[in-house]
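Novice: Residue numbers (numbering that gives the first Met the number 0), protein chains in the order written: chain A, 0 to 665; chain R, 0 to 665.
Don't take each hint at face value.
A pair holds if it fits inside one copy or across any two, identical chains being indistinguishable in the list.
To be verified - Derived lysine-lysine pairs resembling DSSO-like cross-links, with alpha carbons at most 30 Å apart:
#, residue 1, residue 2
1, Lys259, Lys575
2, Lys259, Lys586
3, Lys324, Lys391
4, Lys586, Lys38
5, Lys324, Lys259
6, Lys391, Lys586
Because the hints were derived from the structure by calculation, they are not lab data.
The structure displayed is predicted, hence computed values, not measured ones.
Number of protein chains: 2
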Amino acid sequence: MEYPQESFLTTVFTPDSFWARRRQLVRSNTLRHQLQMLKQTGRYEAFCLHWHPRYADPCTVWPVPNHLFWDSDVAKWIEGACYLLADQPDPEIDAAVHELVQMIRGAQQPDGYLNIHYTVVEPGKRFTNLRDMHELYNAGHLIEAALAHHRHYGTDGLLAPILKYVDLLAATFGGGENQIPGYPGHPEIELALLRLYRVTGNKQHLRLARFFIEERGNPHGGTARRHFYDVEADARGERPHERPMYFPLPRSYWYQQAHKPIAEQETVEGHSVRAMYLLTAVADLVRLGPGDGEIQTTYRPVLTCLWANMIEKKSYVTGGIGAIKQWEGFGLDYFLPHSTDEGGCYAETCAAIGVMMLAERLLRIELDGHYGDAMELCLYNAVLTGMSLDGKAFTYVNQLASSDTDLSERHEWFECACCPPNVTRTLGFLGGYLWSHTVTEKSAVVNVHLYTAATLRLAVGESTLEIAQQTEWPMEGNVSFTVTTSGAPVAVEVRLRIPGWATDWEISPAPSSLDVRNGYLYLSADWVKQHGQFCLRCPMMARISRPHALTRQPVAYVSRGPLVYCVEDVDHPWEKNHFKDILFDTKTLLREERRSTPDQYIAIVAEKGARGSLDNSSWLSKIVAESCYKIRDGEPRDLCFVPYYLRANRGGRGHMRVGLRVDVPT
Amino acid sequence: MEYPQESFLTTVFTPDSFWARRRQLVRSNTLRHQLQMLKQTGRYEAFCLHWHPRYADPCTVWPVPNHLFWDSDVAKWIEGACYLLADQPDPEIDAAVHELVQMIRGAQQPDGYLNIHYTVVEPGKRFTNLRDMHELYNAGHLIEAALAHHRHYGTDGLLAPILKYVDLLAATFGGGENQIPGYPGHPEIELALLRLYRVTGNKQHLRLARFFIEERGNPHGGTARRHFYDVEADARGERPHERPMYFPLPRSYWYQQAHKPIAEQETVEGHSVRAMYLLTAVADLVRLGPGDGEIQTTYRPVLTCLWANMIEKKSYVTGGIGAIKQWEGFGLDYFLPHSTDEGGCYAETCAAIGVMMLAERLLRIELDGHYGDAMELCLYNAVLTGMSLDGKAFTYVNQLASSDTDLSERHEWFECACCPPNVTRTLGFLGGYLWSHTVTEKSAVVNVHLYTAATLRLAVGESTLEIAQQTEWPMEGNVSFTVTTSGAPVAVEVRLRIPGWATDWEISPAPSSLDVRNGYLYLSADWVKQHGQFCLRCPMMARISRPHALTRQPVAYVSRGPLVYCVEDVDHPWEKNHFKDILFDTKTLLREERRSTPDQYIAIVAEKGARGSLDNSSWLSKIVAESCYKIRDGEPRDLCFVPYYLRANRGGRGHMRVGLRVDVPT
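Please construct the entire structure, taking both the sequences and the accompanying hints into account.
Specialist: Right, dumping it as structure tokens:
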């Protein structure tokens with residue numbers, strides 16, 4: 000069972016290309032910047048288990064202490080560092096990894112337990128609040144860090160203590176006598192345990208992951224035959240109407256995807272990162288397929304159903320998911336406001352990373368371009384926008400439009416700092432997202448999901464297969480492929496994802512017939528053998544799209560290739576209302592402008608595209624007005640669109656909008 | 000200081016006219032039906048203070064016991080009955096009023112206390128939870144019932160015990176030593192105390208109302224110098240994160256309009272009925288103007304500001320207010336979804352009644368047609384829709400569109416039954432809303448706010464002034480006035496509200512010049528003397544309007560005169576999605592159809608007005624689609640609109656929609 004966190008090693012990004020530049024930035028700037036942040040904030044030395052004054056801070060989001068995720072912040076940084084160190088050595092980063100690992104080892108309790116909060120701040124209370132306290136979430140990230148560390152260094156410096164911790168967890172949790180029949184409020188350990196199982200082959204690791212997945216949301220769990228979170232809350236002495244900040248109503252267990260068993264869920268609900276991590280684990284379980292096929296029969300339809308619900312009804316044009324701030328997650332079907340003043344638009348960076356994770360797994364279950372489209376969309380928009388061009392500033396929320404209360408801006412770190420190191424580790428193993436492959440002794444099948452200048456190098460039997468992509472993607476859509484083999488001949492079937500937005504693509508040389516299935520162009524081994532070089536052309540032109548009619552968003556978007564565009568105040572005369580009142584004439588000429596500062600990109604200018612403004616002045620006559628639409632006329636003016644990922648990088652006052660108003664009063 | 004609850008006695012509705020028929024229905028059906036409901040549910044005998052099994056029911060909305068409002072249900076029924084008994088005697092209703100009054104008298108405790116819950120269910124806990132427990136709200140309704148009873152019967156059978164209760168409250172609440180520095184979570188007693196003060200002249204009644212109004216939201220109240228609800232919650236042993244169901248977050252005191260002092264509030268927030276009752280009391284305080292003018296200086300701008308915020312940004316085309324179900328109240332500016340599946344549309348009947356109350360008070364402070372427009376809009380739409388044509392079934396929530404989870408339907412009663420008797424009492428004193436007047440020894444000024452067939456009869460000195468309106472309003476817009484005086488001549492100035500929707504009105508005979516100020520046509524005493532008969536013509540034609548652009552509702556409404564229209568499934572071939580997918584061509588002919596079953600009304604048929612349907616089928620390609628709007632074509636078909644107040648009266652399956660989709664994909 001392949002994971003991108005491992006297969007990325009087969010990919011080399013072409014120097015100076017789009018992603019090579021960004022990954023270089025992560026190596027040179029981001030890792031160092033985040034290391035500095037870890038040190039400044041107390042996280043770096045937290046595993047030394049000294050008291051930190053911040054441990055006494057009141058919870059920003061009750062009942063979750065602000066420092067509760069520190070373990071995972073460190074773990075994700077280690078994980079990302081280990082992926083990036085595979086590119087080239089870096090003594091400073093290397094030393095920090097070693098020191099952190101030593102501290103983590105030192106933090107382990109005699110019985111294997113390993114958690115900062117419950118060792119330093121609330122000793123004796125471990126495993127008393129799985130619903131809220133991120134204990135097992137932290138454990139999951141430690142497992143993932145240990146796997147990356149083990150792969151990179153080939154030692155068990157981190158893996159050994161983590162395995163000891165997992166032994167404790169496996170002994171603690173389950174349906175057996177004297178076991179806790181619980182599961183984590185924030186999924187993560189499930190997918191980590193399945194990755195671990197692949198390395199260790201230890202059936203306890205698989206068992207524990209399955210238990211966490213399958214017991215989740217059981218209304219009659221444990222010997223109490225009740226919902227575990229109820230039992231647990233009672234045991235803590237929690238009162239029925241005492242509820243976490245993120246619960247709009249009592250027992251809002253849908254927040255944790257625990258309102259019913261996963262097998263019975265029909266819509267994607269609650270905290271969006273949790274949902275993605277959980278479903279990724281479910282997909283991994285399906286891929287692994289233990290037992291008699293029942294896993295597949297039960298969970299494949301669930302994956303299909305929840306994915307469709309999410310993509311069709313609960314995701315943004317950028318790929319972002321989760322409209323609602325209070326629970327950082329999904330709202331009603333088609334409830335997709337664009338900004339805080341419209342009622343939401345959370346679209347957390349980690350959630351979009353989660354969509355990529357899930358899409359990648361689903362592509363391995365079923366090669367379907369819809370998954371690849373979503374993966375590409377998230378990568379270039381909702382994820383990439385999460386990091387600044389210098390790699391030192393980040394976003395947590397990725398709204399589609401700013402408002403006075405939420406400007407479009409970046410921060411060097413967050414109190415809850417899940418997103419920054421998540422971007423780091425994702426870019427660390429990005430190569431693993433580009434393609435998937437199956438290899439036999441003499442043949443290979445390579446599915447190309449993402450296009451960028453990079454080379455895949457695979458051992459096939461005694462031979463070595465190389466597939467190189469040359470392209471300026473996402474600036475332009477020509478991709479030249481070169482397939483070479485050294486050693487004995489290898490039969491190579493190549494399948495190229497045809498992006499859904501590419502309505503006018505072509506392949507050359509042209510095959511006698513095009514074999515396109517579910518969004519992939521299948522190039523047979525024979526054809527590839529004849530054509531060691533071929534070129535896919537997906538012309539990129541500015542295009543206009545509109546959200547689904549049931550979202551009731553009277554706006555149009557500008558996109559180009561995989562990129563969604565936005566307008567920013569820095570490119571325009573000052574508009575005081577975040578471009579909310581502008582009317583966009585989509586019929587105007589969309590002119591491309593190639594720019595090279597602060598980075599290479601293509602701006603799109605809608606010449607005289609802003610035709611007027613909504614008149615939002617006093618409106619006391621509304622109850623009687625023939626038409627409440629009023630337009631202030633004025634000289635039409637240009638609108639300048641830039642890639643959404645570029646936002647909040649070039650100065651300005653934080654006014655930004657993706658979808659511009661298009662409806663016309665009649 | 001005039002109140003419509005008293006001035007209604009000067010109005011006689013013309014038999015068989017629109018409102019006369021409805022008020023007759025209330026007398027013959029509604030009062031009896033509601034009396035039966037009071038008896039069936041245990042409310043009727045509740046003041047006997049026996050235990051009722053329902054007292055043990057779990058709270059539907061914690062921490063509010065389901066029976067907590069029973070006192071007020073009974074009080075509002077008595078109040079309504081007393082208004083309607085003024086029309087004509089009714090021995091059965093009369094007997095029930097007397098019996099209820101006897102039971103209320105018997106329920107009073109030796110110290111004057113009078114409340115069912117805290118006498119029977121939680122004795123000893125009185126006044127320990129003003130925030131949630133409706134104790135003072137119930138007291139307010141008892142006061143209003145006592146005033147109506149006192150006026151109708153001329154006895155103090157109910158007023159005397161209520162005055163004793165108020166004495167206890169006045170001793171209990173205030174800023175003095177040993178007084179509770181609190182105020183009710185649900186305003187009502189404030190406006191009741193001010194009405195009471197006008198009758199009693201007892202300064203304690205004014206003082207207590209002022210204290211409740213002015214202390215509200217004080218962050219440094221009482222000797223504790225803290226917010227009263229915090230102090231009170233601590234005293235109850237409530238935990239910081241224990242919160243009522245209607246609090247989305249801890250300390251959501253905006254729910255009760257207690258997040259800051261009223262004088263500092265700039266937007267209308269929270270539970271919409273509470274907001275209206277509170278602001279009505281504030282308006283009454285301004286009208287009363289005790290002290291040195293500071294009240295006016297402080298609160299008049301607040302009233303103007305909050306009214307404008309509500310009408311411009313937080314109210315529906317029907318006059319309904321309050322989008323959000325969880326707190327039965329206001330959402331963000333311009334957040335006005337039309338149905339549950341769009342995120343809300345509560346528009347509680349009581350809240351629209353509250354808008355009428357507030358508008359009526361504001362009209363007395365400042366004669367401005369905007370207030371009259373809102374009052375008329377609510378009356379004919381958001382309020383009138385709250386009762387069925389037979390007067391025996393009601394709505395609580397008045398959404399603009401049905402959905403599968405919330406059909407358009409009526410119920411004979413509710414667990415929380417505030418709305419049905421509120422409609423009863425409102426129609427009981429409806430005459431008081433039609434006009435306001437000031438009378439001196441020899442002259443009168445009459446402001447006509449609402450048009451209907453009715454006669455105003457006023458004593459002016461020794462003379463009697465009569466102003467009769469003849470009209471078929473709201474079916475047609477011609478209103479003939481006849482002004483007659485018996486006895487000595489009276490100088491009568493008449494001011495006619497020109498409805499905002501009447502863009503093409505005329506008055507005949509035509510005055511030499513039209514004196515229109517703030518939406519009222521001023522007819523001088525001289526002119527009226529010359530023209531004892533005159534006619535206002537406000538042509539009623541079907542018209543199309545659209546919601547404010549910032550609501551982002553891509554719909555159009557059909558209205559005619561003061562009536563907002565809707566479509567219902569009973570008039571159409573079956574549409575499975577609540578008319579959500581239909582595209583409405585507003586350019587089609589709107590044909591009027593006069594109907595007489597089940598009541599007289601004018602239907603509006605948009606011939607071939609339904610042009611197609613949105614295609615809401617699977618949409619996995621959205622992330623790449625050029626346009627996500629798809630229309631299923633089909634034979635254009637007629638749309639039949641009926642007045643919104645008529646909905647859910649003529650069979651059908653509960654599918655209904657006010658605003659139909661009009662935006663056209665481009």
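Novice: If a hint holds in the structure, say so; if it doesn't, say that too.
Specialist: Against the structure, the hints:
1. Lys259 x Lys575: Answer is between: at 29 Å across copies they meet the 30 Å cutoff, but 46 Å inside does not.
2. Lys259 x Lys586: The answer is neither: 48 Å in one copy and 49 Å across copies each exceed 30 Å.
3. Lys324 x Lys391: Answer is within: at 25 Å inside a copy they meet the 30 Å cutoff, but 42 Å across does not.
4. Lys586 x Lys38: Neither way: Lys586 and Lys38 sit 53 Å apart in one copy and 67 Å across, limit 30 Å.
5. Lys324 x Lys259: For Lys324 and Lys259, both the intra-copy (23 Å) and inter-copy (24 Å) Cα distances are at most 30 Å.
6. Lys391 x Lys586: neither (39 Å within a copy, 55 Å between copies)
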